[in-house]
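2 protein chains.
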Amino acid sequence: MFEILGSSPLFNGLESHQINTLIAKCPHQVKSFTKNEVLAYSGQVVDKAMIILTGKLQGEMIDLAGSSLKIEDLNAPQMVAPAFLYGPQALFPVNLSAISDGTMLVIYKNDFTKLLTLDQRVLANFLNIISGKAQFLSRKITFLSFKTIKEKLAYFLLNILKSNTMIIPINHSQKEVAELFGVARPSLARIIGELELLEIISWERNQVVVLDLNALQSILK
Amino acid sequence: MFEILGSSPLFNGLESHQINTLIAKCPHQVKSFTKNEVLAYSGQVVDKAMIILTGKLQGEMIDLAGSSLKIEDLNAPQMVAPAFLYGPQALFPVNLSAISDGTMLVIYKNDFTKLLTLDQRVLANFLNIISGKAQFLSRKITFLSFKTIKEKLAYFLLNILKSNTMIIPINHSQKEVAELFGVARPSLARIIGELELLEIISWERNQVVVLDLNALQSILK
DNA sequence: TAAAAAGTGTAACAACTATTACACCTTATC
DNA sequence: GATAAGGTGTAATAGTTGTTACACTTTTTA
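Chains A and B supply the protein sequences, listed in that same order.
Just so we're aligned, residue 971 is where the first sequence starts under my numbering, counting upward by one.
Just so we're aligned, residue 971 is where the second sequence starts under my numbering, counting upward by one.
Calculated directly from the structure, the hints in this document are not laboratory data.
Keep in mind that the hints are not guaranteed to be accurate.
Each pair may be met inside one copy or between any two copies, as identical chains are not told apart.
To be verified - Cross-link-like lysine-lysine pairs, in silico, DSS-like; alpha carbons within 30 angstroms at most: (1) 1145 x 1132; (2) 1084 x 1026; (3) 995 x 1084; (4) 1110 x 1132.
Could you build the full structure based on these sequences and the hints that come with them?
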């Protein structure tokens, strides 16, 4: 377990034996979860810190019609909902469900607070984690503020396109990308078709080739 | 200055003289700003902590067409962009501009980090502040995930409607509410007109009266 | 008080997206 | 390799919102 935690952002910079010593001072438990299990519902009180040891979780915002706007995937050894452990309203913002079987380390809030005061490196790491979460949400808002699907798609592609190559690997189906955007699948397909007709991009099975970078950038004006 | 800081969330629970002692140990400066001045642009590096002493600022997300999706007002003695001081990418998420003249306390990041280690109460306060910011952004995303204007309006009204009275005081013009929603003003007015025609609400000058609570709730299914 | 500014109600039209449906293709799975 | 399951392209239609314009009212300012 301590090797896994060693690669966790929260314990970044600490040796296994140091983590061992810290955790020993701090009441905790290891809980297992199974695929498709719902671990917490939106609005539920967050009273414990959770760190994924193995497996994969998903934070999902279910709208009232039943379709879902996906927010974030959570892999080991990430911390779950770190930005919702403190603050005026410590409530889960999303439904937390398991994508696969796995285990996680559970530390109740009071014990976790003590953990933070025991080691300055852990504290600094935690500050970076929750700040990073806020920044993730902020970028999400930036993304959602793009009105049209064409704009969202251009922003999405240009954000991945960091290297010099014009080939973007896409590990998601159109259906998944549409969910990520919060739009209907055929609507996304229509826009992709338009951009292909204009020879701006070429959407292939596992990758997207950018044919006209200037045109793609000019979508965002 | 120390009386103002005493009512700041960051120094919550500390006496004026304790704040005085803390600040004295920590290099700082007081900077003044003028109305309409832009203090920071989106994407700029955050390298200093800023606490508003007097006046009013605004975090504003400018889209490329020039219209703006308003995010947040910042009043004294709030901290500016606390969640963007740490984390992997310490960059301003919005344009920061002054709504009125005012002054603020400026502490460079390294000095601020030292300040956090000097007093545990300040540290706890800071954790609550940045967690609260993340939670604010999360609620914003929840809000933006409502697709139609009617849903946004229902969610907005029902969220304010905490007390037993069916009268909601509104301190914003329709134009401001439309900006808050990120929609066009006439579009919002049209929806308000529809709900008034159905006798669900009555939108008056400075207040909204909810006439049919069940109907309003059923908009969110 | 008069003039200017801001806020509100409304309409016609254009633009964009969701919904639904179906054909076709690719990839798993037995 | 046959079948099922999932992914993709596309079209018709309906619904929602943005844009623009204008009349009218209320509030602010000179």
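For residue 1110 vs residue 1132, is the C-alpha pair at or below 30 angstroms within one copy, between two copies, both, or neither? So residue 1110 and residue 1132 pass the 30 angstroms test inside a copy (18 angstroms) and across (28 angstroms) alike.
Residue 1145 and residue 1132: within-copy, between-copy, both or neither at 30 angstroms Cα: For residue 1145 and residue 1132, only the intra-copy Cα distance (24 angstroms) is at most 30 angstroms; the inter-copy one is 38 angstroms.
Between the shortest in-copy and the shortest cross-copy C-alpha distance, which are at most 30 angstroms for residue 995 and residue 1084: within, between, both, or neither? both (9 angstroms within a copy, 26 angstroms between copies)
Since the copies are identical, ignore which copy is meant and state whether residue 1084 and residue 1026 lie within 30 angstroms (CA to CA) inside a copy, between copies, both or neither. Answer is within: at 27 angstroms inside a copy they meet the 30 angstroms cutoff, but 37 angstroms across does not.
When held up to the earlier numbered hints, the structure conflicts with none and fits them all.
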